[in-house]
Amino acid sequence: MKAKQKGINKLEGPVTDVPIELPERRAYVKCPGCRRVIDQELLARNLDVCPRCGHHLRLGARARLAMTLDDGSFEEWDAELSVQDAPAGREALSFPGYAEKLERSQRACGSKDAVLCGRATIGGEPCAVFIMDGDFMMGSMGSVVGEKICRTFERAIELRLPVVGITVSGGARMQEGTTSLMQMAKVSSARARLARAGLPYLALLTDPTTGGVTASFAMEGDVILAEPGALIAFAGPRVVEQTTHKRLPAGFQRAEFLLEHGFLDLIVERADVPATLAELLALHAGRIPSASAPHALLEQHGPHMLLKKIGRRRKQGSIEAPSAYEIVQAARSVEHPTALELIELGFDGFIELHGDRSFGDDAAIVGGIAWVGDRVLTVIGTERGRSTKERVARNFGSAHPEGYRKARRLMQQAARFGRPVLCLVDTAGAYCGIGAEERGQGEAIASNLVAMAELGTPLVSVITGEGGSGGALALAGGDRVYMLDHAAYSVVSPEGCASILWKSTDRAADAAEYLGLTAPRLTELGIADGTIDDACSHEELARRIVSRALDVFAELASLDTEELLTRRYVRFRAM
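Residue numbers (full-length UniProt numbering): 1 to 575.
Hints are supplied without guarantee of correctness; some may be wrong.
[Stated by the list, open to error] With a Cα cut of at most 27 Å, we get these calculated DSS-like pairs of lysine-lysine:
1. 186 <-> 246
2. 112 <-> 101
3. 186 <-> 101
Please keep in mind that the hints were generated in silico from the structure rather than gathered at the bench.
All values derive from a computational prediction rather than experimental measurement.
Throw the hints in and build the complete structure from the sequences for me.
This is the structure we're talking about:
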């Protein structure tokens, strides 16, 4: 201690005698995810995303605005709109302590209430935007929040602008009583008017989005995005635990949980949010995203091995053409191109969208928005997968009810924004199981048939492999239906037919011949409108399918909706 005291005494005297450099003070933050301490400067450079575990920390509205919108493009609307604690003649809002809490939040955030609204550009794409502020009374929704968002939808309609909404909220603002509850209905009504005006609404849900916001405009987007790990729920975790008296599983009510259960289209990393929103805004306006590079092509494949064998046999003169059953086997081969391969090879870009908004996201059906050249369209396909592991994950292309409901949602979304629809069909049939029946497999297929009959946009379906019964027909109610030369389309599988009629699957080959399931035979019957030569590489095949579809879309583009639907009806009425 004495030595230390002597050291200190040596520094006594004028400050100018001994220059001292004090160490730089640095701020540190503990990550809520991994609980590690992080340098705040490093965290800021990483957009407030933990560089160790990827946890997305919460942001205020101003920080979110700066990260998402183009610099200098934001024009704020209704900045001075504020709640009056007790307007003349009304005492409904005189909740004890509310005025003081409002004032503190206003001073801390520099805003009158918990949402910023205005117009801006994102990646050069114009839009109306609202950004909720979790720093302002936890983003709770009161009358001002509801009024400002409602006005944003109304002005967007007047200005013909799409709307981007970024949500963060603890729910309705209790201090405003039932008035806050009514904002859910008010904003939803304004959102419905935007839909009738044919304008898109993109929602980005951030941590946390709960309560009345989740139960209204947060879940009403044409496309619903979320940041990784975001809490998204109607009732918060503590409320659920208190109600059920059960401990919740890890990940419950997080963004990944909602994606799996069909309520989100995409989970987007914070750094990718501006580009993703810009891309979606362009596509919903029917424009090709200007900043998007074409997706990388998958590995190119030649004709699959079974077709090669069939071709060799034909050359050797042993048979003139493959048998019907050989065609079925070829369609089932793991070498056969899948829907995702054809999409990747045939289009310049594709954004896959997920979920049926009711129960789940069925991996057996994929769909989203694709573009090629200057054309934008919706593409939906049954996806078998290639490897054994992937085929199991995708249920071998046999869809559950939620898969067909996802397809219907995407078809109807395409019609709202004037996009034609291309369906790629390759399935042994709809999945037959207890859960599928409990969730209404028959109803899901039936609803798709009605939706396709009434769809106000051109629809082309291509049987790219096996077209099995109602599970295939659920995506094949188009204005045109084409088949690959080596595809099959049947009311039942050859094995199923043989088993039912002859009590033995040994006669599957005979059943295939009698069923008339080949492309040439079905074209003769008028069930298929033509065939597509598939004796080529997968890349060339993808180009041929897309080219055929685009030709049909160009042909049908001049028809009004009534004429389009009438022709579609006549096509099926003649069968």
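Evaluation of the provided hints:
Proximity of residue 186 to residue 246 is assessed by CA-CA distance (about 35 Å); at most 27 Å being required, the pair is judged violated. For the given pair, residue 112 sits about 12 Å from residue 101 by alpha-carbon distance, which is consistent with the 27 Å threshold. Our distance criterion of 27 Å between C-alpha atoms is met by residue 186 and residue 101, whose separation comes to about 25 Å.
Checked against the numbered hints given earlier, the structure breaks only hint 1 and satisfies all the rest.
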